[in-house]
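Chain by chain, the residues run as shown.
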Amino acid sequence: MAGLAPGPPVPYRRPGRWVAYVAVILLVAWFARLVVTNPNFQWPVVGKYLFDPNILRGVLLTVELTVSAMCIGITLGIALALMRLSSNPLLSTFAQVYIVCFRGTPALVQLIFWFNLSALFPVITIGVPFFGPDLMRVDANALITPFVAANLGLGLCEGAYMAEIVRSGILSVDPGQREAAAAVGMTHAQTMRKVVLPQALRVIVPPTGNQVIGMLKYTSLASVISVTELLASAELIYTRTFETIPLLIVASLWYLALTTLLTAGQRVIERRLGRSHSDPGSKPRRDFVAAVGRNLFLTP
Amino acid sequence: MIVARGVHKRYGHVEVLKGIDLDVDAGRVVCIIGASGAGKSTFLRCINHLERPDAGYIMVDGHLVGYRRVGDRLHEVGERELCAARANIGMVFQRFNLFQHITVIENVSVAPIMVKKVAPAEARERAMQLLERVGLASKRDRYPRQLSGGEQQRVAIARALAMEPRVMLFDEPTSALDPELVGEVLSVMRSLAEDGMTMVVVTHEIGFAREVADEVVFMDDGVIAEKGPPSDILRSPRNERTREFLSRVL
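Sequence lines, in order, name chains A and B.
Residue numbers are given in my numbering: position 294 of the first sequence equals residue 294, and the series is strictly consecutive.
For my numbering, count along the second sequence from 1 and bump the result up by 1000.
Chain A extracted, bound-state conformation (with noise of 0.2 Å):
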């Protein structure tokens, strides 16, 4: 090939490219006009509210029943899924028909289910079952408040779907490494606790990343049942102004601001985990899953 002229080869062209461009950005920007032309949108308004305290009390209790209902759903998707994969049939059962009913039902039901569990046990008690005295008489109204009834409703309803999550994590795992505890000596309990789980986490933790931001969304569901989170906050307000459709915006601006924020947090988890898993050449570094695996799992 000789007489060739110096210099890289002459990309090929694509002419598609700039009229997809063209397109996009002639899209956006009419898109963007609509928006800031109209003044139905009312922007100014956005402003005034979005730093209001009511909003920002929403905001609060939006990301407390975010945090107290994805804590009941992890610790109870985690006890569902060991029970799913015992060998005891009425524990695997019970797991499964658990998993089927509060699947199987939209969170919105069983939320306002829970909000209106007195209806169905007007006093709660506390005691021996079938014989056995009352240790405690509560009446259902005073201790299934909303902010409870919406933590039962979206946890009981999360659990189901963890449980999911935490089994395949589970299954994911090599059955040699429990062959391999059960021959040093370890239990049951142990093999789980310091071989099978820490190594489940790297399967389990993106998934559940997801479930946390659609929790995060789903919250809003506990506005019926007068919890005032963010959306019940946003609506307080717009049904006193009939300001509606700038407070939205503002509950809007707010749920893509967290959900932005846990999306930055779960690339971050994600890329600090699969370090064991580096090539044999790279330098060994503190692995965040064995981290996390020494404070939880491995202390004796």
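Some hints could be false.
To list a few chain A residues with every Cβ distance to chain B over 10 Å, as calculated [to be verified]:
id, residue
1, Ala23
2, Val24
3, Pro206
4, Thr239
Far from chain B, by Cβ distances over 12 Å, these chain A residues were calculated [unchecked claim]:
id, residue
5, Arg17
6, Ile126
7, Glu164
8, Ser168
9, Pro198
Which residues of chain A face chain B? A few of them, derived with a C-beta cut under 8 Å, are [what the hints assert, rightly or not]:
id, residue
10, Ala2
11, Pro8
12, Arg137
13, Val138
14, Ser172
15, Gly176
16, Gln177
17, Glu179
18, Ala180
19, Val184
20, Gly185
21, Met186
22, Thr187
23, His188
24, Gln199
Since the hints were derived computationally from the structure, they do not count as laboratory data.
Built from N, CA and C at the ideal position, the CB exists for glycine as well.
Given the coordinates of chain A, assemble chain B onto it according to the supplied hints.
Just chain B now, kept in the frame of chain A:
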């Protein structure tokens, strides 16, 4: 040290073990050879009750493994007793099975800390001694995936030794290794044998069996077809199937 009597095992309709009797005295090295599917690995896994024998029993160091004798019957024992029995039996797997999420030194020290309740500092010190013994002290902070197959298997041997077992079981310890890595694992096993460890080794390494084993057991179709000193079995087998097998592998 190991006494097996009438060990049977079946999976569904397939009878994998059809009555195995075997005695291994303390400090002896027994190599089990035979074609794949002969039941070698299944028998080895019965010794530490990873497989539950359907009939017969196995004793290690004078204690039944997985069972307790009540009158004239065997009763299955609970988890605690089974785990205590397994803690005295080291096992090395074909595919190493190192704990992937923790470092080399943690792999070697985790079982003593968890099972024997050894103080962590002491367990780590002992783990370092064992890693030095298998020549991997410098890899203490690596993760298993960062090691070669031969290195992983040597760590696995150290992990088993950390429990100070009375016997060591090896389930085809070199079968998953690249040929050039087999030697380093065999030499660790040879030094263990020289130190007087009681060992049962399922292997395809006839050379290792000839050199290190006190006794070679040839298994065929779920039974022990022939056993004896390696010089007899490997040089002048009497059994037709043994002769056939050896002519194929040698």
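Results of checking the hints against the structure:
1. Listed as a non-interface residue, A/Ala23 keeps its Cβ farther than 10 Å from every Cβ of chain B; the least gap is roughly 47 Å.
2. Its beta-carbon lying about 43 Å from the closest one in chain B, A/Val24 satisfies the requirement of being farther than 10 Å from that chain.
3. For A/Pro206, the condition that its CB be more than 10 Å from all CB atoms of chain B holds, with the nearest at approximately 16 Å.
4. At roughly 53 Å, the least C-beta separation between A/Thr239 and chain B is larger than 10 Å, which holds for a residue marked as non-interface.
5. Even its closest Cβ contact with chain B, about 41 Å, leaves A/Arg17 beyond 12 Å, as expected for a residue assigned away from the interface.
6. Annotated as non-interface, A/Ile126 keeps its C-beta farther than 12 Å from every C-beta of chain B; the closest such distance is 33 Å.
7. The Cβ of A/Glu164 sits about 22 Å from the closest Cβ of chain B, beyond the 12 Å cut-off, so the non-interface label holds.
8. Under the 12 Å C-beta cut-off, the non-interface status given to A/Ser168 relative to chain B holds; the minimum distance is some 17 Å.
9. The Cβ of A/Pro198 sits about 5 Å from the closest Cβ of chain B, inside the 12 Å cut-off, so the non-interface label is violated.
10. About 46 Å separates the beta-carbon of A/Ala2 from the nearest beta-carbon of chain B, more than 8 Å, and the hint is not met.
11. For A/Pro8, the shortest C-beta to C-beta distance to chain B is roughly 38 Å, which exceeds 8 Å, and the interface hint is violated.
12. Of the supplied interface hints, the one on A/Arg137 is violated, with its beta-carbon coming no nearer than about 40 Å to a beta-carbon of chain B, more than 8 Å.
13. Checking A/Val138 against chain B by beta carbon gives a least distance of about 39 Å; that is not within 8 Å, so the hint is violated.
14. Hint on A/Ser172 is violated. Least Cβ distance to chain B is approximately 12 Å, over the 8 Å limit.
15. The criterion of a C-beta within 8 Å of any C-beta in chain B is met by A/Gly176, whose closest approach is roughly 4 Å, and the hint holds.
16. Taking 8 Å as the C-beta contact cut-off toward chain B, the hint placing A/Gln177 at the interface holds, the least distance being around 6 Å.
17. This hint holds: A/Glu179 has a C-beta 6 Å from the nearest C-beta of chain B, less than the 8 Å allowed.
18. Taking 8 Å as the C-beta contact cut-off toward chain B, the hint placing A/Ala180 at the interface holds, the least distance being around 4 Å.
19. The beta carbon of A/Val184 comes within 4 Å of a beta carbon in chain B, closer than 8 Å, and the hint placing it at the interface holds.
20. Proximity of A/Gly185 to chain B holds as hinted, the smallest CB-CB distance being about 3 Å (cut-off 8 Å).
21. Taken as an interface hint, A/Met186 checks out: its beta carbon lies about 6 Å from the nearest beta carbon of chain B, inside 8 Å.
22. The beta carbon of A/Thr187 is positioned within 8 Å of a beta carbon in chain B (closest approach about 5 Å), and the interface hint is therefore held.
23. Below 8 Å, beta-carbon pairs count as interface contacts, and A/His188 has one with chain B at about 6 Å; its hint therefore holds.
24. The interface hint given for A/Gln199 holds, since its Cβ lies 5 Å from the closest Cβ of chain B, which is under the 8 Å cut-off.
Violation of the numbered hints given earlier is confined to hints 9, 10, 11, 12, 13, 14; the remaining hints are satisfied by the structure.
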